[in-house]
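Novice: If you read the sequences in order, they're chains A and B. Everything in the first sequence is counted per the UniProt record's numbering, starting at 1 for the first residue and increasing by one. Everything in the second sequence is counted per the UniProt record's numbering, starting at 1 for the first residue and increasing by one.
One or more of the hints may lead you astray.
Here are the simulated lysine to aspartate or glutamate pairs, EDC-like style, with alpha carbons at most 20 Å apart [said to hold, decoys possible]:
1) B:K67 x A:E232
2) B:K257 x A:E129
3) B:K269 x B:E59
4) B:K103 x B:E260
5) B:K132 x B:D148
6) B:K269 x B:E279
7) B:K257 x B:E109
8) B:K257 x B:D110
9) B:K103 x A:E129
10) B:K67 x B:E260
11) B:K67 x A:D237
12) A:K261 x A:E272
13) B:K157 x B:D321
14) B:K157 x B:D320
15) B:K257 x A:D131
Note that these hints are calculated values from the structure, not bench results.
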Amino acid sequence: MKRIGDGAATRAGLIGLAVILTTLFLVIPLAGIFYQALVEGMAPFWQNLTSAFTAEAIGLTLLIALMTVPINLLFGIFLAWLVTRFTFPGRRLLQTLIDIPFAVSPVVAGLLYLLLYGRTGWLGSILSEHDIQLMFAWPGMVLVTVFVTCPFVARELIPLMQAQGSAEEEAGVTLGAGGWTLFRRITLPNIRWALVYGVILTNARAIGEFGAVSVVSGSIRGETINLPLQVELLYQDYNTVGAFTSAALLAALAIVTLVIKAVLEWHTHRREKTA
Amino acid sequence: MSLRSTLLRRIVATAALGMALGSAPAFSADRELLNASYDVARELFAELNPQFIEQWQAEHGETVSVKQTHAGSSTQARAILQGLRADVVTFNQVSDVNVLAEKGQLIPEDWQSRLPNYSSPYYSTMAFLVRKGNPKNIHGWADLAGDDVALVFPNPKTSGNGRYTYLAAWAASNHDNGDDEAATRDYMKKLLANVEVFDTGGRGATTTFAERGIGDVLITFESEANNIRNQYGPDDYEVVVPPVDIMADFPVTWVDKNVERNGTEDLAKGYLEYLYSPEAQRTLARYYYRVNDDDISEEFADRFPQTTLLRVEDAFGSWDDVMQTHFASGGELDQLQRR
Numbered sequence: 001m002k003r004i005g006d007g008a009a010t011r012a013g014l015i016g017l018a019v020i021l022t023t024l025f026l027v028i029p030l031a032g033i034f035y036q037a038l039v040e041g042m043a044p045f046w047q048n049l050t051s052a053f054t055a056e057a058i059g060l061t062l063l064i065a066l067m068t069v070p071i072n073l074l075f076g077i078f079l080a081w082l083v084t085r086f087t088f089p090g091r092r093l094l095q096t097l098i099d100i101p102f103a104v105s106p107v108v109a110g111l112l113y114l115l116l117y118g119r120t121g122w123l124g125s126i127l128s129e130h131d132i133q134l135m136f137a138w139p140g141m142v143l144v145t146v147f148v149t150c151p152f153v154a155r156e157l158i159p160l161m162q163a164q165g166s167a168e169e170e171a172g173v174t175l176g177a178g179g180w181t182l183f184r185r186i187t188l189p190n191i192r193w194a195l196v197y198g199v200i201l202t203n204a205r206a207i208g209e210f211g212a213v214s215v216v217s218g219s220i221r222g223e224t225i226n227l228p229l230q231v232e233l234l235y236q237d238y239n240t241v242g243a244f245t246s247a248a249l250l251a252a253l254a255i256v257t258l259v260i261k262a263v264l265e266w267h268t269h270r271r272e273k274t275a
Numbered sequence: 001m002s003l004r005s006t007l008l009r010r011i012v013a014t015a016a017l018g019m020a021l022g023s024a025p026a027f028s029a030d031r032e033l034l035n036a037s038y039d040v041a042r043e044l045f046a047e048l049n050p051q052f053i054e055q056w057q058a059e060h061g062e063t064v065s066v067k068q069t070h071a072g073s074s075t076q077a078r079a080i081l082q083g084l085r086a087d088v089v090t091f092n093q094v095s096d097v098n099v100l101a102e103k104g105q106l107i108p109e110d111w112q113s114r115l116p117n118y119s120s121p122y123y124s125t126m127a128f129l130v131r132k133g134n135p136k137n138i139h140g141w142a143d144l145a146g147d148d149v150a151l152v153f154p155n156p157k158t159s160g161n162g163r164y165t166y167l168a169a170w171a172a173s174n175h176d177n178g179d180d181e182a183a184t185r186d187y188m189k190k191l192l193a194n195v196e197v198f199d200t201g202g203r204g205a206t207t208t209f210a211e212r213g214i215g216d217v218l219i220t221f222e223s224e225a226n227n228i229r230n231q232y233g234p235d236d237y238e239v240v241v242p243p244v245d246i247m248a249d250f251p252v253t254w255v256d257k258n259v260e261r262n263g264t265e266d267l268a269k270g271y272l273e274y275l276y277s278p279e280a281q282r283t284l285a286r287y288y289y290r291v292n293d294d295d296i297s298e299e300f301a302d303r304f305p306q307t308t309l310l311r312v313e314d315a316f317g318s319w320d321d322v323m324q325t326h327f328a329s330g331g332e333l334d335q336l337q338r339r
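Same shape as in the complex, but just chain B (with noise of 0.2 Å):
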């Protein structure tokens, strides 16, 4: 009896005591603002919102903390539908937040009118992550549909990501052969089938290819591309920007309904207005994110090779046809994997 009862008493003060520490406030914030991001922007905003915080206090005299979660742009934009209170998204695509104005009536339809750069503060491109000395000699969107070249992207249906992969491929190969929408079929089926694993997220993807060891070339933003190989070792990676890409845009807005109901409006204002600052410009520009303020883009000038960006209104048309002919059920994405 006393073995047990002391026992038991044991592991209910080893729990209670976890419980104590665990809970323990590891934040003493006024006021929080939740941030659902992109799935590989996890460094970049972890090195951003420090700054934030700091020049909020200074500014306002207000100790506020900024939390984060990260999935694939669409995940996110689903998860906000389904009831995830964040004040703020910052994507990788203006469909998915499309799909919060259109969809769950939680900010209004003209949301990229609000901030300048059409609420996109930095944008980048896709770029190819070879292994070393490039084997399989990869230098535009055309290689990739090679015989043996095995690929590694996000998957266009829920990744935002993914979809840039998709439309870039497909744009550069309208562009190079004059609109030619049979042939550009034909190498989007290549492209397709040359794809070796499917990931939901730009970061599985990434673990994928250079943890796991899976692929030829790693089609990623190119800023993910440069951090990849920073990190894995810039000896046995090499980054290619193709000579005609997409623009990607990373469009940022806050979420009314959400901040009306946190209190968080101003916050969430503030720390929007706070990327297009050149400091916040600099750290982008030091994650290979392209930026639109002049003087950084000249101090940074070296990291981005030139190309010739298209942008997917110009290519395809708006955002919502885009994502009706290409991404819908049944659309040219679902009839070009059909075998």
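Chain A on its own, in the form it takes in the complex (with noise of 0.2 Å):
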């Protein structure tokens, strides 16, 4: 028996099509960033690579990844843990709050970090006082992608985590497991692939992040500028070979992301299989 679009051309088609969009939407604009990063040769695209600005913005888009991946790694865990171990009026509304940074736009948020402790604002007035900046610096920078970041673990954890249920961590407690051993030796091995994703996700974001850091960083070139940032940057001062190197390093990181997110789905797949 046929079903409808089955036959060889449709399928052709459908294929054919696919490939052409993915081509145009996606293979084509990537090759681009490439091609427009190189396209005066090897010196400029170096000289951009190597300038003591691009340094500055890769150190500052790592040091906000390393610090925004711990802290959501840990608000995640902790979360996802307290929304599905225990029941307690307002856990809906939890889960519910938690998606605020993905429903709120990053530039909305960035402001709202401002209005609260740029120099005038509420907190930021206290902390002025003791000469704490936090604004116009890396640290506010920090914050606002711990903003904007927060819900990725803890939306990978939740669903797997209410499918699992807690029968083996009450198992666990019946056989006199603590608190620490509970998590380490059953919680944690149970949620490691779903951690190790939102992990991926967090800092993919946490590294490409524009929006929100655009409106607490004050631009100052070689201190608070990320490579996102830069981007636009160069592109403003004329510079499209600069701009296009550091939007190509940004393509680079993506890709490695990719490929580490690949090289552990194909080894979640091998391990499931043994099992």
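Once you've looked at the hints, go ahead and assemble the two chains, each given alone in its own frame, into the complex.
Specialist: Written out as structure tokens, the structure reads:
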């Protein structure tokens, strides 16, 4: 029996369409970034790549990611644990609140933090009396990135932990396991792959975040410019090669992330097969 | 297990290496100055700063560094009020410096008397950048209100550049029709209706006009217009300076509260005084800014077409009045834009 759309021609047509669309929307723009970065030859590309400002931007981007990921890792585990292992009034509300950073535009998030922590802000005025500056410096950029990326880990964990239920942990308790042992020997091994996904997503977003950090950065060259901001800055400086060099760096980071994700997926798949 | 841990270790090692490379001091300077400047001054200060650093080194034996931040003048003023620790401001708008005194008490009210020429080391005026051959025949402000003319200039609410454009159009219209306010309002309505894109800063407007190819006329500072023309190809664009125009001051000052905290008062003053030196004035003139130094003005005279320059203070009264009447919420600008 034949189903509708099962003919060889239809299939070829659909596959062709998918290939064309992928090429048009993904492959060509991505290749274009690398092409634009190298269009004037290796020398300008290399010069832009090794400039002091680019080094600073790379350093800041990695610093933001390295601070954001552990914070949101702990926060996400804590939140998922809380929401899936305990019942308390306001649990559903909390589950909804987790998604606020996804629902709010990053620019709005940046402005909220600026209003709160800026020199004239509610908390900021107290901080500035003690000569502590968060906004227009890297701590502010880390702060807004943490906000923007905080749902990723929790969002990966919650469905999984809900599906798994708490039977194994309850068994552990009856066998006399303490809280830490329970977490380390039962919960963590069960969730580790979801956790790794969460971390990869958090990391990717932390590296690529533009909107929220642009509001609180103050765009001080060589100080509060991360890679995404650097792309815009150099583009407006008429330095197209430089802009695309930074963009290529970001794209390369994204590709590395995807490769890591693919390796992990393959690894999980193989593990599940042997298990 | 082993694959996982080596992978993880490699990721951490790579990240750590990147950090080490990234955080390695790019500049090894004793003191640092942060200059908060308007959007289109990027190339200018990239050239002026090394000259100043060299001179300071020669005179004081101290290695300093100057960092830059660029954005619309008002955006910068607001950032400083909210805590950006800029040591000096080099703006394109007196009112944006006034804000620092009035709203932030960061500088004294009489800041304009602290340096020569009302603390304005250079000045400019507004010019029209048109596409080759001037196809829409734009020569003066009146031509911009024509039926088929698409304009690009930055938003007067966020950009000093845009504000000068608005004021120049208004003042030129008043000048031509003998202060007929009603006629000027009609003219302004038509002009604002012709605006294709309102970018937040001067450089955004440049990108819109030159890279995205939107609009028939880009209105921006004479200096920026000439520099764009040189950058994007002298054969593709022409610069038109209208016969009646506005005098655009470029006020500078040090931010007292911040230099006190950063211990940079002498450095900040030295930096701003340097902008008045013949060397700096020559660099400014090369970037198509008009300067007050007589010798340098003479030397570059062919770059700057003769035009009648109206002062904002003469045409509109004080800057405070201007801001209140024209740019405050519900002011002239808002009313003119209501359709």
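Novice: Just pull the numbers of the violated hints for me, sorted ascending.
Specialist: Per hint list: zero violations.
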